[in-house]
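Chains A, B and C, in that order, give the protein sequences. Note that the numbering used here has the first sequence beginning at 63, numbered continuously upward. Note that the numbering used here has the second sequence beginning at 63, numbered continuously upward. Note that the numbering used here has the third sequence beginning at 63, numbered continuously upward.
Because the hints were derived from the structure by calculation, they are not lab data. Model, not experiment: these values are computed from the prediction. Among the hints, erroneous ones may be present.
For identical chains, the list gives no copy identity; a pair is met inside one copy or between any two copies.
Said to hold, decoys possible - When the alpha-carbon atoms are kept at most 20 Å apart in a straight line, the in silico EDC-like pairs for lysine to aspartate or glutamate are as follows:
hint, residue 1, residue 2
1, 194, 172
2, 205, 64
3, 68, 146
4, 194, 136
5, 68, 202
6, 68, 136
7, 68, 172
8, 194, 92
9, 88, 172
10, 205, 119
11, 204, 64
12, 204, 172
13, 205, 127
14, 203, 85
15, 68, 127
16, 75, 87
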Amino acid sequence: MEVFQKEIKLPPKHRGFNLITGELEKLCPEIKTFSAGIVHIFIQHTSALLTLNENADPSVRADLETHFNKLAPENQPYYLHNSEGSDDMPAHIKASLLSSSVSIPLTNGELNLGTWQGIYLCEHRNYGGARKLVVTIFGEKKK
Amino acid sequence: MEVFQKEIKLPPKHRGFNLITGELEKLCPEIKTFSAGIVHIFIQHTSALLTLNENADPSVRADLETHFNKLAPENQPYYLHNSEGSDDMPAHIKASLLSSSVSIPLTNGELNLGTWQGIYLCEHRNYGGARKLVVTIFGEKKK
Amino acid sequence: MEVFQKEIKLPPKHRGFNLITGELEKLCPEIKTFSAGIVHIFIQHTSALLTLNENADPSVRADLETHFNKLAPENQPYYLHNSEGSDDMPAHIKASLLSSSVSIPLTNGELNLGTWQGIYLCEHRNYGGARKLVVTIFGEKKK
Numbered sequence: 063m064e065v066f067q068k069e070i071k072l073p074p075k076h077r078g079f080n081l082i083t084g085e086l087e088k089l090c091p092e093i094k095t096f097s098a099g100i101v102h103i104f105i106q107h108t109s110a111l112l113t114l115n116e117n118a119d120p121s122v123r124a125d126l127e128t129h130f131n132k133l134a135p136e137n138q139p140y141y142l143h144n145s146e147g148s149d150d151m152p153a154h155i156k157a158s159l160l161s162s163s164v165s166i167p168l169t170n171g172e173l174n175l176g177t178w179q180g181i182y183l184c185e186h187r188n189y190g191g192a193r194k195l196v197v198t199i200f201g202e203k204k205k
Numbered sequence: 063m064e065v066f067q068k069e070i071k072l073p074p075k076h077r078g079f080n081l082i083t084g085e086l087e088k089l090c091p092e093i094k095t096f097s098a099g100i101v102h103i104f105i106q107h108t109s110a111l112l113t114l115n116e117n118a119d120p121s122v123r124a125d126l127e128t129h130f131n132k133l134a135p136e137n138q139p140y141y142l143h144n145s146e147g148s149d150d151m152p153a154h155i156k157a158s159l160l161s162s163s164v165s166i167p168l169t170n171g172e173l174n175l176g177t178w179q180g181i182y183l184c185e186h187r188n189y190g191g192a193r194k195l196v197v198t199i200f201g202e203k204k205k
Numbered sequence: 063m064e065v066f067q068k069e070i071k072l073p074p075k076h077r078g079f080n081l082i083t084g085e086l087e088k089l090c091p092e093i094k095t096f097s098a099g100i101v102h103i104f105i106q107h108t109s110a111l112l113t114l115n116e117n118a119d120p121s122v123r124a125d126l127e128t129h130f131n132k133l134a135p136e137n138q139p140y141y142l143h144n145s146e147g148s149d150d151m152p153a154h155i156k157a158s159l160l161s162s163s164v165s166i167p168l169t170n171g172e173l174n175l176g177t178w179q180g181i182y183l184c185e186h187r188n189y190g191g192a193r194k195l196v197v198t199i200f201g202e203k204k205k
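Using the sequences provided together with the hints, build the complete structure.
This is the structure:
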């Protein structure tokens, strides 16, 4: 088994649920050099997160943004942490509802996702800026 | 260290939170051949998910289904994605609230779960069909 | 690649979101012996969980506790599972909203967290007692 690790930076995304499978695959051609293992993708932030969800109909991503805004609304009277803007505390709540990492099986040089699965970067700030990720791949190298 | 990977298919489950620890262990006897490592279980779907929760009282599973239906209700007027049935968009929301994978320490040939922990397949469609999982085990083999 | 695994026990925490990054690092000096890999931290409980979130302003942790108590309130009339106290079923719901494990990239002997990221133990019982974790580190050892 071998381990490969790299840090990557994704350019700023709009607030919401952004499909990034293709962008990540381009930035990590090393995936192709492994025959079996895991790709671990970690985001170094607490207001932009990762999840896996449907890769096809964009209305799923729109509905997720609408509904997560209901699960973690802005401007609740009981929020103590509001010095960084009304989008900040909801972003922290969404951070713990979603995940700081996704790990995906790697099979024959490909992410072994289901037909309808894609990787999302969930940007919860209005102006989130570029986001830093650490990608760690471990498994058997192709011969 | 070695890596072992296999794809398995679980027969259709009822909508709700289904305990599958025993079923998975039977399908993955390879767990017994490792002395220390991680078992990574990944579901290739966006409307059936995985989580760990209590393995004893079935009322916990019933209450989880009831409460997640409140957190992600059907037929909300703001849903845009409703062409696949009223259970579909709530399933996608639950997908991101729960997880597409669980990873569990493997110790001395056994899943090193707590006394009360079990693996759940959370089926969020009314008629979800069989579900595909990818199991990846990595660690030291027993000598 | 090598794998290292140990079980650790954390002393009882107050109900709420507790920052434990420093405590974990002290208990796992083995992290320093790896050059690249993953640290997988697993909690063997279904009413105390793990997540990553902001490591600075304590008001974030207070607001998370307040808001998760709204997402999974006590004493709902539809709960069937209430024999273990009013804090028990909400704890199970939070268990599946949060996570039984976090996995963090390890780089040059350090947890490769973002500037503002810390590891939280989320204690959801009023009197939760000590909590057991399994830490698994895998990757390349330093030379």
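Hints that the structure is at odds with (numbers, increasing): Those not satisfied are hints 3, 4, 6, 10, 13, 14, 15.
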